[in-house]
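Enquirer: Sequence:
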Amino acid sequence: MTPGPATFTIAKPADTTEQWSDLDLDAIVAQLKATGVYAPADQSPALEQVVAKAESNGHELHLVVLDKTYTPFTVFRDIATELQTQVGGTVIVFGGTGTGTSSSEFSRVELEDGTSEVTAGTAPAIAAEQIYDRATAPHVDWTLVTIGLIVVVVIGAVVARMTQLRRRRPVADAPAPATNGPAAGPAADPDDDVRNDDERPGSDAR
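Per full-length UniProt numbering, the sequence shown starts with residue 1, numbered consecutively.
These aren't lab readings, by the way, just hints derived from the structure by calculation.
The beta-carbon is built from N, C-alpha and C at its ideal position, and this holds for glycine as well.
Check each hint, because a few of them may be wrong.
[Stated by the list, open to error] Label pairs and their in silico Cβ distance ranges:
no.	residue 1	residue 2	range
1	A157	Q43	24 to 32 Å
2	T35	F73	39 to 47 Å
3	F73	E105	16 to 24 Å
4	A137	L25	30 to 38 Å
5	D22	T136	45 to 53 Å
6	E48	G148	37 to 45 Å
[To be verified] Calculated lysine to any residue pairs in the SDA-like style (CA-CA distance at most 25 Å, straight line):
no.	residue 1	residue 2
7	K68	G121
8	K68	S56
9	K53	I155
10	K53	W20
11	K53	Q130
12	K53	T35
13	K53	L149
14	K33	L23
15	K33	G148
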């Protein structure tokens, strides 16, 4: 008996906006547009230096430090995504239980690589610089590497095929093999036998 088709139910991502509905997003956005930083006063100067460094390299960086804890930690990514839609560039949000990023300049992989290397408890300014430096570091373009490997494989296959065809060239194209037997003499003349009989002793020469 053939089993029926399997049915899979994909859960919809949880809506976390209720958790951070107490944040004054308008105030955060206004501060980010003004200085690029929304953080406690004692941390702002160091964070602004990181923002200035990014700006000198042609990147628009916005840094947010919140004294909030949310579960799961992906809530901070949702906050960063919401802010990024309003200020553009790259947004990094630091919270008590995690870090969130969103960017139109760097891929999520590049940002998450940098985030994963930040040690827990690192000061936001140091962490922000580490994440930014990691995102802007040279990366291997695996797309180009893959294309290059495909080209090499195709060329190798073509060369192998041409070599195979040359080895299968018809025998008629090859020179005829030389014979090792004795060379054949000229064909015998029947008249020679008649002449030889006339020259034998006792033959009638008349």
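Enquirer: Next, verify each hint and record whether it holds.
Expert: So, going through the hints one by one against the coordinates:
no.: 1; hint: A157 to Q43: 24 to 32 Å; in the structure: violated (59 Å)
no.: 2; hint: T35 to F73: 39 to 47 Å; in the structure: violated (26 Å)
no.: 3; hint: F73 to E105: 16 to 24 Å; in the structure: holds (23 Å)
no.: 4; hint: A137 to L25: 30 to 38 Å; in the structure: holds (31 Å)
no.: 5; hint: D22 to T136: 45 to 53 Å; in the structure: violated (34 Å)
no.: 6; hint: E48 to G148: 37 to 45 Å; in the structure: holds (42 Å)
no.: 7; hint: K68 to G121; in the structure: holds (15 Å)
no.: 8; hint: K68 to S56; in the structure: violated (31 Å)
no.: 9; hint: K53 to I155; in the structure: violated (46 Å)
no.: 10; hint: K53 to W20; in the structure: violated (30 Å)
no.: 11; hint: K53 to Q130; in the structure: holds (12 Å)
no.: 12; hint: K53 to T35; in the structure: holds (13 Å)
no.: 13; hint: K53 to L149; in the structure: violated (37 Å)
no.: 14; hint: K33 to L23; in the structure: holds (17 Å)
no.: 15; hint: K33 to G148; in the structure: violated (43 Å)
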